[in-house]
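Engineer: Make the full structure from the sequences, and use the hints.
Chains as they are written, first to last, in my numbering: chain A, 688 to 1419; chain B, 533 to 681; chain C, 44 to 371.
The hints are simulated quantities; they were obtained by calculation from the structure and are not laboratory data.
Hints may be right or wrong, so weigh each one.
[Claimed, not checked] Straight line, CA to CA, 30 Å or less: simulated DSS-like cross-link-like pairs of lysine-lysine: (1) C/K128 / C/K73; (2) B/K652 / A/K863; (3) A/K1216 / B/K614; (4) A/K1339 / A/K1221; (5) B/K614 / B/K643; (6) A/K786 / A/K733; (7) A/K1221 / B/K608; (8) A/K1231 / B/K652; (9) B/K677 / A/K1213; (10) A/K863 / B/K644; (11) A/K1364 / B/K646; (12) B/K677 / A/K1361; (13) B/K658 / A/K766; (14) A/K1353 / B/K614; (15) A/K1213 / B/K652.
So you can see what is in the structure, the chains are spelled out below.
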Amino acid sequence: TDDAALDEFLDFGDIEEQYAVHVADQFDTILVIDGVPVVDEGKKEKLFTVIRKQFGKEGVHVKDQPHGFMMPMDAATGKSKGFVFVDFATPADADKALKHLQYFKFDKSHTFFLNKFADVEKYAAVPDQWDEERALGKAPEYVERGFLRDWLLDAGARDQIAVFNKTAVSVMWGNKANGPDVIHERENWTEGYIAWSPRGSYLASVHRMGIALWGGAAMDRLMRFHHPGVRFLDFSPKESYLVTFSPEPLPMPTNPAQPWGPESAGHHVIIWDIRTGHILRSFALTAEEIATKNVPWPLFKWSFDEAYFARIVGNAKLAVYEAPGMGLLDKKSIPIPGITEFEWMPYTPDEDEAAAKDGGKKKQQQNKRVQAPPYTIAYFVPQTGPDQPAQLALMSLPNKQVYRSKQVFFGLSAKIHFQSQGDYLLFKVDRTNRSGKASFVSLEVFRLREKDYPADSVEVKEIMVAFGWEPHGNRFAMITTSDVVSADLDLKAVLAGAPGKMTTHIYQVEAAVEKKGASVVPGGVKLVKAMDRKAVNALYWSPKGRYIVFAGLRNLQGVLEFYDVDATAGEANTATVTTSVNGKTVTSTKEVDPVQLLAATEHHGSSDVAWDPTGRYVMSSVTMWAKGMDNGVMLFDVRGTMLYKHSREQLKQALWRPRPPTLLPKHKQAKVRKNIKQYARDFEIEDATASSALSAAELEERRRLFDAWIQFRSRALLAIEAEDEIVTVLDN
Amino acid sequence: EEHRAALERQAVLEQKKEALEQIQQRKAKEEALARQKKMQEEREALQRKIAEETKQRELERLKKEQEEIRKAEARKIAEALKVKSGVTIADEDLDAMDTTAIFALQAEQIKKEKEALETKMAQVVKRQDFLERAMRKEEIPLLEKAREE
Amino acid sequence: MRPIVCQGHTRPLTRVRYNRDGDLMFSAGKDAKFNVWSSATGELIGSYDGHTGVVWDIDVDANTTRTMSGSADSSARLWDARSGKCLYTWTTASPVRSVAFTPEADLALIVTDKKMGQPCTAIIVEIKDNVADIPEAPLNIFLPEPELTPATIARWGPEHTIYMGHENGTVSCWDAMSGERIASKKIHSGVVTDLQFSEDGTYFITSSKDMSAKILDLKLHVIKNFQTERPVNSACICPVKEHVILGGGQDASQVTTTTAKVGKFESRFYHKILQQEFGRVRGHFGPINTVAVHPDGTSFTSGGEEGLIRLHHFDPDYFRFKLDPRDP
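Structural biologist: Written out as C-alpha cells, the structure is:
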C-alpha cells in the first residue's frame, strides 16, 4: 500500500541504481513524491494528467510527456507502489514544488510528501550506519511495510502481551489457560524500555541513538528515528506522529546520518512522521524547563483526531499547533496567564452518531443529548490573588472561545480527568481555607451532555490517593486516606506506610431529568458506596466499565479486590430466601448491594495491574523494580479467579498490546449480540476441545455417540406419541 | 305420795331437761368447733389458692418477660442484621424465631447469595469471552479485506 | 458435597427409593425394617412395622398415599403411607423378592423366590381404595419358564408389561394379564441385581454381578454398557443430567478380608451417553447394595452393606459440570 512506498524504495536498491543512472544528469529537476494513490496500469496516465493539472494550477510545471512521470509498478499486483518520480520543467519548478507543495492535499485521503532525489539517497544511508553503532539484535530486515494488523486475525480472539525481562523482549499470546505462548523473542531488542503505540500497530524500542518501531506479522523493524540520547517517546492518538525527547540538545548536523537540519540544533523535542520517518518539526524547551530539568511528559497533548496538539509555555500561554503542517494555530499562542493544567476532551464521532440515531428513534426520550464542541480544551488557572479565585474553563478550538467556566476560591492546583467518551469532566482541585491552614480537595464535576454543562462540587476532606472514571460509564472511583501524618503530604510515604487506612468510594453522576409539565429534577453527584479500612492504593476500571479492581501495590502486599459496581443491573435488587425454622417456613429478604465484592485475592509484591484491551482479563505483575524475587505475571478473569502464574526473572515490563477500534459497524455488533447464543454453541465445543486433550478420533466418537443417542431418544419419543394417538383414537 | 311422785317426775324432768341442755350445749360446742374448723380450713384453702395463683401469675409474668426478652433480642438481632447486611425478616416470622434461627437464616441467605453470585459470574465470564470472540469472528473478514487493499 | 448419614438400620440395606414428589426417601433392610426419611434433612420420620424377616423390596405409589413391601417372612404388605398402619397382608408360599405398584396403583406385582420347594412366581394383585374390597384371590399368577432362572428384580413397564432380571443374567418381558412371555434375552453373565426405569419409561438400566450396568430399550436392545471392575449391585438414571449412578463393590462375603479402599465401595458416576466414568463418591465401608436418585436430580441416596444410608445433595458445581459441551 502507499504506506509502504518509501520504504519499498529504500529497500529496492536495484531500482534505485537503475533510476540513478538515468536521472543523474537531471538531478535538479527530479522529486520523489510519496503518498500518491495506488493505481493499476490502465489508470496510470489519467493520474499523471490530474497531477500535472493540479500542479499547474499552483504554478508548477512538469516536463512534457513522455518524460514527466516515472512510476514503478509492482509486478506481483500489477499496481503502482504509491510513489512517483516527477521530472519538473526546470530546477526552479522543482524548488517551487518542494516549497509550496509539501503536504499537498491531492484528495481526501492522499497527502503528498516531496523529497529531493538526493535526500532520498541520504535517508537510505542512515540504517546501515546505525546498525554498526548499535546492535539491535538479529531481527529479520524489514521487507515490506504492508499490513500491520495481523495480530487481530487470531482465530482464538486472543490478545498479545509484550514482556521485557533480563535483556530480552518477548511478544506472547495471553492465552486464558496454560500460560502464554511466546511468538517472538529477541535478545537486546531494546536498550531502554518498550512501548506499544495507542492502537497496537507498533512496538517501540528505545536505543541510545533513537527509537525503532516494529510490527507486522513477523514483528519486523519498520522504521527508525535517529534521536541521540532519546529518553521519552509519545505517539499521537491515531499513530501518525511520534514525539521524542532527549535531554541532550541536538547537535549541528555534520553527516547525512543525522536527519535534522541546522535549524534544529539545540532542540530537545522532535515530531516525526511515522509513515515516512521524516522529521516534521523540532522544538526547543523553555529556559525554565531546561534550568529545572522538569519536562512534563507527554510534552504535547493531542486532540482526539490528532489534528491539533498543544502544550503550556511558561505558565502563561497555551501553544496550539496544527498537524501535519506543524504550525502554530493562527501563528500565535493563546495567552492564558497562570495556566498550569490542560487536557483535550475525548470525542467519539462514531458513537455520537449512533447515539443521535438512537435518540431519534426513541421519541419519548425527553433529555436531548447535548454535544460539547469536538475540539475542546479544559484548563485550570490557580488562585493568583485574594480576589482572583482559581478558574476552571472549557475552551473550544479553533475559535478559542471559553464557553464554560467556573471559579473556585483558594484552588491551588488541579488535575483534570475527562470520562472516556467526553460525557463528564472532573477537576480535582486542591484547596485551602481562607487562612491557608487547612487543606482539602474539591471535585468539580461537569456534565457535558446537558444544556449549559451543569457542574457539581463534592468536597473531600481526606487525601486523594487514586482516581478514575468508569470508561463508557457515569461512575467514578477514588481512594482516599485520612492519615494525619501526611499534613505535609508526602504521598509516597502515605502510599507505602498506611495499610488499612484507605477508604474506597464509588460515585455516580446523574443527569437532570426533565418531565413534561413538571419541574426539572436536578442531576448531581451521588455517593454509591464507601468502603473503609482497605489496604489498597490503586484502582483499575475494566476498559468496558462496570468491573473494577482495587489494588494494594508495592508495600501493600499486592492485595487485589475485584468488584462489580453494577450488580443489580438487569436483576431484581432484592434477594429472597425461604428456610424452614423450627418446622415453620420463614422468608427473609435482602436488598442486593449494587457494589459487590467478587473476589479478594493477592499477588504478593505486585507493582502493576492492567486490564487486557477487551476487559476479559486482569494481569498483575511483580517487576524487579518492586521486588527482587518472584518476578512474573498472574492472569485473572473478571471475577478474580486466577488463571495462571507465569514466572519471568528480572521482569521489567509486561504490557498488553492495545487494539484499534473495531471495524465492525454498530449495527453488525448489535446483530452479533442478538445471536450470541448461536456463536456460544460453537465456542463451547471449541473450548472443550482445546481444554481436553481429546484426539480427533475421540472427538468423532463422542459426536457419533451423541448423535446415536439423540436418534434413539427421538425414536422412543415418536413411539410414545404414536401410541398416545392410537389410545386417543381408541378412546374416541 | 302423789306429790312425791310429782316431785320425782319433776326431778326426772329436770334431769332430762338438764341432760338435754347438756347435750345441746355439747352439740352447740361441737358445732361451733366444727364450724370453726371448717372456717379455718376454708381460710387456709383460700390462702393456698391465693398463694398458688400469685405464684402462677409470677411464673406467667416471668415467662412472658422471657418471651419478650427473646422477642426483643430477636428483633434487635434482626434489626442489626438489617443494618449490617440488609437482611430483612418479616415481623410475623420474627415472633417464631430465636437468635439461633435468625443466625441460621442469615447463614442460609449468605450461602445462597454466594452460590447465586458464583453461578452468575461464571456466566458473565463466559458471555464476555464469547461476545468478544463472536465480534472478532465477524471482524476478521473485514480485516482480510483491508489487508487486500 | 456433604453427605447426610442416616442411621436407622442395624443390618445391610436392601433398597432405597424416593417418592415421586421427592420429599421422602424410603429404605428397607435385612433387619426387617422399612423406614421413611425426610429427603431434605435425612431425619427419620417413621417406620412401617410388622415384617419379621428381611424386607427385600419396597414401593411407593405416585401420590404417596400407600406403600408396599415384600419380605422373606413370606408376605407382602400394603401400608398407609402417612400413619404407618398395615392395611393388608398377602401371604405367600415363599419369600417375596420384589414388589411394585403400577403407575395408577390399581395393581401390584409380587414376585416370590424359588425356595422351600416352591417355584418362583409372579403374582398380580388388585389394590382398591377401600381395603375391604381387595379380593383375596390374585388377578393372575404365572411362573417364569423353566429355562429362565428365578427373577431377582421385577418392575412394571408400559401397558401392563413386566420387566424382570434373573439370576443367570437374563432380562425378560412379560404380559401381566396373560402371563405370556413377550421377550427374553441373556444380557448379563451374572445375577441381575437391579432394574430401574428412566423418567419417561422408554428405557431402563440393569446392574449385575458381572461388573457391568447396561441401558436397554423396551425391546431389550442394549443401548449402553457401563463396565467396572467390581460387582454392581444397583444402578439408577439421573433425570436432569446425562448421568447414571452405579453402586456396588466387592462381595459381602469377602468384606471382612478387604479394606474399603480395595473393595471400592463407591457410588460411581458415568456419563450416560459417552459411557465414561467421571466421578466417584466415597464413604461407605461396605458394598453399596442400593442407589436411588431424586426425581428432580438434586440428590441421590445409597444404602450399604454396613447398614448406613448416605444421602447426598449435589453442589452447584455438579450442575455446572459438563464432560462434553453438548451436556445440559
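Engineer: If you draw a straight line from the CA of A/K1353 to the CA of B/K614, is it 30 Å or shorter?
Structural biologist: 44 Å, violated
Engineer: Regarding the pair C/K128 and C/K73, is the alpha-carbon distance no greater than 30 Å?
Structural biologist: 21 Å, holds
Engineer: Keeping to a limit of 30 Å between CA atoms, is the pair of A/K863 and B/K644 held or broken?
Structural biologist: Holds: A/K863 and B/K644 sit about 29 Å apart, inside 30 Å.
Engineer: Would you mind confirming whether the straight-line C-alpha gap from B/K658 to A/K766 stays at or under 30 Å?
Structural biologist: Violated, because 45 Å separates the two Cα atoms, which is more than 30 Å.
Engineer: Taking 30 Å as the top limit, are the C-alpha atoms of A/K1213 and B/K652 close enough?
Structural biologist: 27 Å, holds
Engineer: Hinted pair, alpha-carbon criterion (30 Å max): B/K652, A/K863. Please report holds or violated.
Structural biologist: 19 Å, holds
Engineer: Between B/K677 and A/K1213, does the CA-CA distance stay at or below 30 Å?
Structural biologist: Not satisfied, since the Cα-Cα distance of roughly 47 Å exceeds 30 Å.
Engineer: Need the status of pair A/K1231, B/K652: alpha-carbon distance at most 30 Å?
Structural biologist: 18 Å, holds
Engineer: Given the proposed pairing of A/K1216 with B/K614, does the C-alpha separation stay at or below 30 Å?
Structural biologist: Given pair A/K1216, B/K614 holds - Cα atoms ~17 Å apart, limit 30 Å.
Engineer: Checking one constraint from the list: CA of A/K1339 to CA of A/K1221, max 30 Å. Satisfied?
Structural biologist: Holds: A/K1339 and A/K1221 sit about 28 Å apart, inside 30 Å.
Engineer: Given the hinted pair A/K1221 and B/K608, is their alpha-carbon gap at most 30 Å?
Structural biologist: Distance ~29 Å between A/K1221 and B/K608 Cα, so the pair holds.
Engineer: Quick one, are A/K1364 and B/K646 close enough, alpha carbons at most 30 Å?
Structural biologist: 26 Å, holds
Comparing the model with each earlier hint shows violations of hints 9, 13, 14; every other hint is respected.
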